[in-house]
Amino acid sequence: MNIELKNIHKHFGKIHANKGINLNIPSGTIQGVLGENGAGKSTLMKILSGFIQADPGSEIILDGKPVVIHSPADAIRFGVGMLHQDPLDFPPMRVLDNFLLGIPGKLFPNRKEIAQGFSRLAREFDFSLDPESYVDSLTVGERQQLEIIRLLWLGARVFILDEPTTGISATQKEKLFATLKKLPEQAMTIIFVSHKLEDVESLCDQVAVMRAGELVGEVKPPYRTQKFVEMMFGKMVTLGERQPARAGETTLSLNNISLEDVRLQIKNINLDVKAGEVIGLAGMEGSGQGMFIRACAGLVRPVGGRIQLNGQDLTAKSYHKFKHAGVNFLPAARLEEGLIPGLSLTEHFVLAEEPKGIFIDRAAGQKLAEERIQSFNIRGTPPSMVEALSGGNQQRAELALLQSPLSLVLLEHPTRGLDIESVIYIWGKLKERCKQGASIIFISSDLDEILQYSDRLLVFFSGKVSQPMNASKTNVEALGQLMGGKGWAEMGDEHA
Amino acid sequence: MLKGRLGGFLFQLIALLLAFGFVSLILISVDASPGDAYKNMFTGSFGSMRKFAEVLVAFVPLLLVTAGLLVTFSSGLWNIGVEGQVVLGAIATTWVFRYFLESGLHPALAVTLAIFGGMLGGALWASFTGVLKVFGGVNEIFGGLGLNFVSTALTIYFIFGPWKRPGVASMSGTVPFPDEFSLPLLLNLRISPWALGIALIGIVVVYFILQGTYFGLRLKAVGKNFRAAYLLGIPTWQYSMYSFLICGALAGAAGAMQVAAVYHRLIPSISSGYGYLGLMVAMLINYKAIWAVPVALFFAALNIGSIQLPILMKLDSSLSGILQGVLVLFVLLAEGVRQKLAKKA
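For the protein sequence lines, the chains are A and B, in the order given. Heads up: the first sequence begins at 1 in my numbering, then just goes up one per residue. Heads up: the second sequence begins at 1 in my numbering, then just goes up one per residue.
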C-alpha cells in the first residue's frame with residue numbers, strides 16, 4: 001500500500017509534537033523512522049494508526065485516496081495495523097483465543113476453521129506458534145509473531161512497528177527481520193520506528209529522520225552512521241563556559257555493582273564519584289540508566305557488588321537508610337512520584353523537613369514556604385496546590401524539597417520540557433549544591449545538557465555501560481553513536 | 001461560581017433537595033404523603049426529650065465510627081471492615097466485664113478498663129485487615145468484608161457457646177451485667193453523658209490530628225500519593241498500619257459504648273450497622289472532620305425518627321436507610337457534575 005502523509009500537524013496543548021510532516025512511502029517498502037525520544041515519531045505513528053487525530057489541515061492519503069482515520073479499528077479497515085512496543089494481548093488466554101478476540105462479527109466463531117487458517121499463516125512465515133499454548137508462556141518475540149499473524153488475518157497491508165527490538169534476543173531479532181523482509185514481496189508496506197541505528201541500517205530501504213517534531217531528512221542507502229547522528233541530534237551548540245569541578249573526597253563509591261530486571265542485565269559497574277562532581281548518564285530511554293540511578297538511591301537492590309557513601313557501607317540497605325545518609329532522588333514523573341497532588345506547597349515543605357514536636361507550627365510553615373518560593377523563584381503561593389503549577393514550577397518545587405546538607409543528588413531528566421531560562425536557573429541551583437560538597441548524578445536525553453553540565457559521563461546501551469568519559473573530551477557525535485549501539489567494540493575497555 | 005466554596009455549598013443544597021424529591025416520589029408511588037412522613041420523622045426524633053435522647057444514643061457510636069473512618073480515608077484506605085471492628089470492640093468489652101464480674105474491683109475502674117479493652121479489641125481486629133493489606137497484598141475492602149462476616153460468627157459463637165445464658169442460650173444475648181457495670185445515664189433517659197463526651201472527644205482529637213499535626217499531614221501524604229510519600233522519606237506502610245489501628249480503636253470504642261451504655265450485654269446485632277452507616281457519613285461530608293457532628297446527628301435522627309413510621313403510617317422503617325443512601329448518591333453525583341463543569345469552564 002502506498003502511503004502519503006501531507007502536512008501533518010499535531011498540537012498537545014502548547015506542545016507542537018508534529019510540525020508539518022510530509023512523507024511518501026511507496027508500496028512494498030520498509031521505511032525506517034529514526035529519531036531520539038520525544039522527536040515526534042510515536043505521535044506520527046499514532047496518527048497513522050488512528051490512536052490520535054492530527055490537527056485539521058493534515059492529510060493522509062492511502063493508495064491515492066484521502067482518508068480520515070478516527071480509531072484503531074478504522075485504521076485496520078483501511079489496512080493499517082500497528083504492532084506496539086508492548087504487545088497488546090491477553091496473557092492468561094490461549095494463543096488461538098487471543099487471535100479470535102480481534103476478529104469481528106460472529107457470536108460463535110468456527111474455531112476449527114480459524115485454527116487451520118492460523119496454522120497456514122504461521123507456516124507461511126515459518127513461525128512455530130502452538131495455537132493451544134497460553135500467551136503468558138510465550139517470549140516477547142513470539143508474541144510479536146502472534147500479533148503479526150493477527151494483523152495479517154485482519155487484512156493489514158501496512159505494518160507499523162514501534163521499537164520492536166526492545167527486549168528481544170538477538171536470534172529473535174534475526175527471525176523478526178527475516179519475517180519483515182518477506183512481507184514487502186506481497187506488496188505490504190512496513191514502517192519501522194526505532195532509535196537503534198544498527199537495526200535501521202540493516203533492515204530499511206529508506207529512512208526518515210525526525211528531530212523536535214520535524215522531518216529533518218530522508219536517507220537512502222548506503223547509510224553513513226555519522227550522518228544519522230548529526231541529523232538526529234543536530235549540531236552541537238556551546239552553552240557558555242564549562243565549570244570544572246574541584247575534585248574533593250569520594251562520596252559515592254560503586255564496587256562491581258551488577259543490576260538485573262526483566263529486560264536488562266548490567267554487570268560490574270565500578271565508579272567513584274567525588275564531592276562536587278557532576279556525572280551525566282546518557283542513553284536512549286530504557287537502556288539501563290534508570291535502573292542504575294535507582295540503585296544509587298537504594299530503590300533497586302543490586303544483585304551483586306558494594307555501594308558505599310562517604311565510607312559508610314550502604315549495600316542492601318533500605319531507601320530510607322540511603323536518604324538518611326544524605327542521598328536524595330528526584331524522579332522524572334513529577335506528579336506521579338515526586339510531588340503529592342492535593343497538597344499545597346507549604347505542606348510539601350513541611351513534610352520534607354524533620355518534624356519538630358507533634359503539632360505543625362503553621363506560621364513557621366508559611367514562612368518556610370515563602371522563603372523557598374522566593375529563593376527558588378517558584379511562580380505560586382504557599383497555599384497553591386502543586387498540581388496547579390506549571391511543569392517548570394513543579395520542577396523548581398521538587399528541587400526546593402531537597403534536604404540540607406546532602407552528599408548525593410540523583411536526578412532524572414531535571415530539565416525535561418522546561419524553557420531555557422528555567423534550565424539555566426535550575427543548574428545554577430544545582431551547582432550551588434556542588435559547591436557545598438554534594439555530588440550529582442543525572443539522566444538526560446539532551447546531550448548538550450549532559451556535555452555542558454557534567455564533569456564525567458557514562459553512556460548506556462541496552463545494559464552495556466561505558467567507562468566514565470571526560471565530558472570535555474567527547475562530543476555529541478561520539479555520544480550519539482554509542483547511544484545507537486555503534487563503536488562499543490572500538491572502546492575496548494567497556495563492560496561486557 | 002463552580003469552584004468556590006459557595007458553589008460547592010450550592011451544589012450540595014441541590015443534591016439535598018433532589019434526594020428529598022426522589023424519596024418523595026417513592027412515597028407518592030405507594031400512596032403515602034411525603035409531608036406526613038417527614039413530619040413524623042421529625043417529631044419522632046426531636047418531638048420530646050426522651051426521643052432526642054434516643055437520637056443521641058445512636059449518634060454516639062455513629063460519630064465514633066465516622067471519626068475513625070476519617071483517619072483511614074485520609075490515608076487512602078477503604079476500611080469497610082469498620083463494622084467488624086465495632087463488633088470486636090463490643091466482644092472485648094464484654095470479655096473484660098465478665099472477667100471482673102466477681103472480682104470485687106471498683107465498678108468505675110472495671111468500666112474504664114472495659115472501654116479500653118474494647119478499643120484494644122477493635123484495634124486488634126483492624127490490624128488483621130492492615131496486615132493482610134500490607135504484607136499479604138489483600139485489598140482492604142476484601143479483607144475487611146471477610147473479617148466482618150467472621151466477627152458476626154464470633155458474636156453468635158460467644159452468645160450460644162461459652163457465654164450462653166444459664167439454661168437456654170437465646171438470640172436476646174448474654175446475661176445482662178449488674179447496674180453498676182454501666183456508664184452512668186442522664187436522669188431517667190437512656191443516654192449517658194459520659195458516652196456522649198467520649199464520642200465528642202474522639203472527633204475533636206481526630207480533627208486536630210488531621211488538621212494540625214505532622215502525623216496527620218504524613219497520613220494525608222500517604223493517602224494522596226503513596227509512591228511520592230515513600231520517596232519523601234515517610235515510612236509509608238507503617239502509616240497505613242497506624243491509621244488502621246486508630247480507626248479500629250475508635251470503632252472499638254463505639255462497640256464498647258453499645259455494651260457499657262446501651263445494651264449492658266452482648267447481643268447478636270450489637271453493631272446495629274453503625275459501621276456501614278459511618279462509611280456513608282464520611283462520604284457525605286467529603287472526609288472533612290468539621291462536618292462530622294451535624295451530619296452524624298442528622299443521620300442518627302433519621303434512624304430514630306423512622307422507628308415509628310410502621311405504627312403511624314404503615315411504612316417500613318427502612319425509609320430512613322433509603323433517604324440516607326439516596327442522599328449520599330446525590331451528593332456524590334452533584335460533586336462529580338460540579339467537577340466536570342468546573343473542568344470545562
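A portion of the hints provided could be inaccurate.
[Claimed, not checked] The calculated SDA-like cross-link candidates involving lysine to any residue, where the alpha carbons are at most 25 Å apart (straight line), are:
| no. | chain 1 | residue 1 | chain 2 | residue 2 |
| --- | --- | --- | --- | --- |
| 1 | A | Lys321 | B | Trp237 |
| 2 | B | Lys340 | A | Ser390 |
| 3 | B | Lys343 | A | Glu337 |
| 4 | A | Lys356 | B | Tyr242 |
| 5 | A | Lys267 | A | Glu185 |
| 6 | B | Lys343 | A | Ser318 |
| 7 | A | Lys323 | B | Trp78 |
| 8 | B | Lys224 | A | Ala332 |
| 9 | B | Lys314 | B | Gly76 |
| 10 | A | Lys429 | A | Pro405 |
| 11 | B | Lys224 | A | Ala363 |
| 12 | B | Lys288 | A | Ala388 |
| 13 | A | Lys274 | A | Gly234 |
| 14 | B | Lys288 | A | Arg362 |
| 15 | B | Lys224 | A | Ala388 |
| 16 | A | Lys173 | A | Lys220 |
| 17 | A | Lys323 | B | Gln238 |
| 18 | A | Lys356 | A | Ala325 |
| 19 | A | Lys431 | A | Gly392 |
| 20 | B | Lys224 | A | Gly342 |
| 21 | B | Lys288 | B | Trp78 |
| 22 | B | Lys224 | A | Arg294 |
| 23 | B | Lys224 | B | Gly8 |
| 24 | B | Lys340 | A | Pro405 |
| 25 | B | Lys224 | A | Gln394 |
| 26 | A | Lys323 | B | Trp291 |
| 27 | B | Lys224 | A | Lys220 |
| 28 | A | Lys323 | A | Phe359 |
| 29 | A | Lys323 | A | Lys220 |
| 30 | A | Lys317 | B | Gln238 |
| 31 | A | Lys220 | A | Glu185 |
| 32 | B | Lys224 | A | Pro355 |
| 33 | B | Lys340 | B | Gly76 |
| 34 | B | Lys224 | A | Ser318 |
| 35 | A | Lys356 | B | Val175 |
| 36 | A | Lys435 | A | Ala325 |
Calculated directly from the structure, the hints in this document are not laboratory data. It should be emphasised that the depicted structure is a prediction, and the values quoted were computed from it without experimental measurement.
Those earlier numbered hints the structure runs against, lowest number first: 5, 6, 7, 9, 13, 24, 26, 27, 29 and 35
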